[in-house]
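Undergrad: Take a look at the letters that make up each chain.
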Amino acid sequence: MAFTQKVLLVDDDDIANILHAKTLKKLNFCDEIGTAENGEDALAAIKGGLIPNILFLDLKMPNMDGFDFLIEFESLPETITQNVMVFILTSSISKTDYEKVKQFRIKGYLNKPLNQQKLEEVKKSFMI
Amino acid sequence: MIEFFNNLFENDFMPHGHCYFWEPSILWSHAISDGIIALAYCAIPFSLITIFRKHHDTKFIWMMILFAVFIFGCGVTHVFDVINIWVPYYRADSVARVITAIASVATAVVLIRVTPDIMKIPSISEWKKLNEEMKEKLKQLEEKDQIIESIKNLEGFALAIPQIMMVVNKNGQINYMNEKWHEYSNAMKQNDLEYFIHEFIYPDQQILAKEHWQTAFEKQEKIEFNVQLKSKNGAYKWFLLRGQALNDEIGVRWITTLTDIDEQIIKNTELSNKNEELTRLNNDLDNFVYTASHDLRSPINNLEGLIEIYEDEPLQNEKARSEMWYLFAQSISRLKSTINDIADIAKLQRSKPEDIGMISFEEIYQEVLEDLHFLIASTNSNITVDFQQAVIKYSNRNLRSILFNLLSNAIKYCKPNQVPEIRVSTYEIDNKTILEVTDEGLGIKREHHGKIFEMFRRYNNKVEGTGLGLYIVKRILQNTGGVVEVESIVNNYTTFRIIF
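Protein chains in written order, with this note's numbering: chain L, 827 to 954; chain Y, 3 to 502.
Hints in this document: simulated from the structure, not taken from any laboratory. Incorrect hints may appear among the rest.
[To be verified] The list that follows gives simulated cross-link-like pairs (lysine-lysine, DSSO-like), each with its CA atoms no further than 30 angstroms apart:
1. L:Lys921 to Y:Lys476
2. Y:Lys453 to L:Lys928
3. L:Lys851 to Y:Lys321
4. Y:Lys453 to L:Lys921
5. L:Lys944 to Y:Lys61
6. L:Lys851 to L:Lys928
7. L:Lys873 to Y:Lys447
8. Y:Lys276 to L:Lys852
9. L:Lys873 to Y:Lys191
10. Y:Lys154 to Y:Lys61
11. Y:Lys139 to Y:Lys122
12. Y:Lys338 to L:Lys921
13. Y:Lys476 to L:Lys926
14. Y:Lys453 to L:Lys926
15. L:Lys921 to Y:Lys349
16. Y:Lys276 to L:Lys921
17. L:Lys848 to Y:Lys321
18. L:Lys832 to Y:Lys321
[What the hints assert, rightly or not] Derived CB-CB ranges, DEER-like:
19. L:Thr905 to Y:Glu372: 57 to 65 angstroms
20. Y:Ser274 to L:Lys852: 56 to 64 angstroms
21. Y:Ser274 to L:Met953: 53 to 61 angstroms
22. L:Lys921 to Y:Lys224: 18 to 26 angstroms
23. L:Gln943 to Y:Leu298: 22 to 30 angstroms
24. Y:Glu487 to L:Lys928: 34 to 42 angstroms
25. L:Leu902 to Y:Phe376: 41 to 49 angstroms
26. L:Asn854 to Y:Leu298: 30 to 38 angstroms
[Said to hold, decoys possible] Far from chain L by the CB rule (all over 10 angstroms, computed), these chain Y residues:
27. Trp30
28. Leu132
29. Arg299
30. Leu329
31. Thr482
Don't be surprised by glycine CBs; every beta carbon is placed ideally from N, CA and C.
Let the hints inform the model, and build the full structure from the sequences given.
TA: Next up, the structure:
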């Protein structure tokens with residue numbers, strides 16, 4: 827049985843999305859995987875009823891970046907937001923980004939690429 | 003005659019005592035009184051000689067000598083009067099009398115002649131009064147000299163200091179201006195502060211200057227502000243106006259100096275501009291390091307991930323394999339173009355003045371067309387050009403970079419399934435050369451207009467790019483004092499306008 831049901835990958839880098847999806851599938855992390863190219867698309871998907879259990883969010887994206895997405899996301903009704911666990915998944919190693927994103931209600935902060943070890947961390951964060 | 007002189011002291015006459023019948027009362031009264039008179043007469047010339055010795059007044063010298071002789075002669079005749087009582091030297095007596103007579107006449111004549119001069123000699127009280135008046139005048143003159151010296155010293159200072167000086171009273175009148183004012187403005191000395199402000203202070207600062215003075219007048223306190231003053235060639239220069247309020251028996255007034263601080267202000271402005279530029283460069287650099295590392299890391303991460311997959315599960319069929327190769331190629335090409343752009347930015351920081359020369363837009367355009375040959379051919383792009391302004395003095399490499407980035411953007415951001423229609427033109431407005439590149443493509447949302455020039459900013463991920471092109475264009479123009487503008491309507495058109 828998979829760890830969770832629905833996962834949404836939000837990243838403008840389509841290769842990263844493909845790779846992350848493959849990793850998720852291989853490790854049987856979830857049943858369903860959705861992808862969005864940027865914050866705007868992700869927000870539209872969520873508003874359209876696709877509510878993921880876990881959302882992996884890149885920070886640097888065209889149109890609406892991760893920060894802008896989080897602002898919009900947190901203004902959504904709590905009935906939606908409390909069901910979505912947001913994990914930052916970025917190539918950024920900037921401390922400023924890390925501090926900035928800590929102000930939001932996020933579950934965890936990960937660096938790309940996603941692998942087995944990092945997914946174990948994700949799982950652990952739910953057990954505490 | 004000789005006989006007369008021989009007999010001068012012969013006493014062949016009768017002594018004068020016979021005339022008194024040797025009556026002792028008559029005889030002795032005559033003898034004693036004549037003796038006393040003689041002594042008195044003979045003393046007078048000595049006084050005269052003493053006076054004459056002290057006051058060498060040549061004007062009265064003859065009168066004095068004659069007077070002395072006359073008086074002395076008188077004394078001598080009285081001596082003879084006494085002697086003749088007993089011994090009759092009448093002849094010698096006669097000689098003395100004749101001489102005295104002559105001296106008396108001469109004295110009288112000279113005295114009459116010098117009388118008007120003697121009248122002019124003031125009395126002692128008059129002398130005293132005059133003397134005091136003279137002393138008073140002398141004191142005043144000395145004081146006046148000191149005042150004049152102070153004034154001259156102050157004038158010297160006013161001339162020696164590099165500042166313009168003026169004295170303003172509380173009615174807004176200018177009572178004094180030093181020579182430096184004329185040297186600076188070539189204008190006459192001003193009397194009216196309001197007129198001065200109106201004529202010589204930079205128009206935008208006049209109201210503020212008036213307010214400053216108004217406050218100073220009301221509060222009777224010092225005044226200090228910076229202001230631009232018109233010089234003789236019409237240019238305005240920065241001055242520090244500083245006025246010290248002085249309140250004394252003359253009234254309230256402001257001793258004011260205007261110090262030239264133009265160079266200082268210009269240098270400060272340059273410095274703060276440089277500072278801003280440095281801060282900006284520093285931010286850019288931070289941003290650059292951060293984003294470059296991010297943009298380099300992403301494709302490398304992808305390559306790593308792809309290799310992992312490849313190792314884990316051997317690809318079963320041709321389709322999966324070609325898909326894999328495509329992803330590899332895509333990652334590598336992104337890595338390559340990021341590195342190329344970083345190299346471009348590094349070049350941009352090292353633009354040299356010798357690169358600048360007269361270059362032709364047409365030539366640069368042809369070079370860019372060659373570079374973009376593949377992109378243009380694959381999209382069937384239709385480009386029209388109109389170079390009204392044929393040449394420009396610019397760096398060859400920079401102009402090429404600008405045109406390359408604008409043109410490749412115009413082609414890349416076209417509407418899907420449509421032939422890109424692009425117009426490139428140059429013209430001149432207000433002595434400035436303008437380059438315009440217009441496409442009929444996707445357009446840019448208004449809220450993104452400011453952000454598109456930032457480093458690694460991309461607003462469409464359907465299109466290949468690293469997000470550095472417009473940043474490079476903007477940096478080139480910033481470095482050369484130009485401007486880049488954007489005008490766009492979504493799904494209609496985009497115009498990039500370069501004002502060199």
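Undergrad: Compare the distance between the alpha carbons of L:Lys944 and Y:Lys61 with 30 angstroms, and conclude whether the hinted pair is satisfied.
TA: Not OK: L:Lys944 and Y:Lys61 at ~135 angstroms, beyond 30 angstroms, violated.
Undergrad: Keeping to a limit of 30 angstroms between CA atoms, is the pair of Y:Lys476 and L:Lys926 held or broken?
TA: Holds: Y:Lys476 and L:Lys926 sit about 28 angstroms apart, inside 30 angstroms.
Undergrad: With the threshold set at 30 angstroms, check whether the alpha-carbon distance from L:Lys873 to Y:Lys191 stays at or below it.
TA: Violated, because 78 angstroms separates the two Cα atoms, which is more than 30 angstroms.
Undergrad: Is the nearest CB of chain L more than 10 angstroms from the CB of Y:Leu329?
TA: The claim is violated: Y:Leu329 sits with its nearest Cβ about 5 angstroms from chain L, within 10 angstroms.
Undergrad: Taking the beta carbons of Y:Glu487 and L:Lys928, is their distance inside 34 to 42 angstroms?
TA: Holds: the Cβ-Cβ distance is about 38 angstroms, inside 34 to 42 angstroms.
Undergrad: Range hint 57 to 65 angstroms: satisfied by the CB atoms of L:Thr905 and Y:Glu372?
TA: holds, 59 angstroms
Undergrad: Could you grab the alpha-carbon distance between L:Lys832 and Y:Lys321 and see if it respects the 30 angstroms cut-off?
TA: Within the cut-off at roughly 28 angstroms; holds.
Undergrad: Can you tell me whether the CB distance of Y:Ser274 to L:Met953 sits inside 53 to 61 angstroms?
TA: About 56 angstroms separates the Cβ atoms of Y:Ser274 and L:Met953, which means 53 to 61 angstroms holds.
Undergrad: Holds or violated: L:Lys851 and Y:Lys321, Cα atoms, limit 30 angstroms.
TA: holds, 20 angstroms
Undergrad: Within 30 to 38 angstroms: is that where the Cβ-Cβ distance between L:Asn854 and Y:Leu298 falls?
TA: holds, 32 angstroms
Undergrad: Taking only the CA atoms, is the gap from L:Lys851 to L:Lys928 under or equal to 30 angstroms?
TA: Status holds; Cα separation ~29 angstroms.
Undergrad: For the pair supplied as a hint, Y:Lys453 and L:Lys921, confirm whether the alpha-carbon distance does not exceed 30 angstroms.
TA: Judged against 30 angstroms, a Cα distance of about 23 angstroms means the pair holds.
Of the numbered hints given earlier, the model fails hints 5, 8, 9, 10, 22, 29, 30; all others are met.
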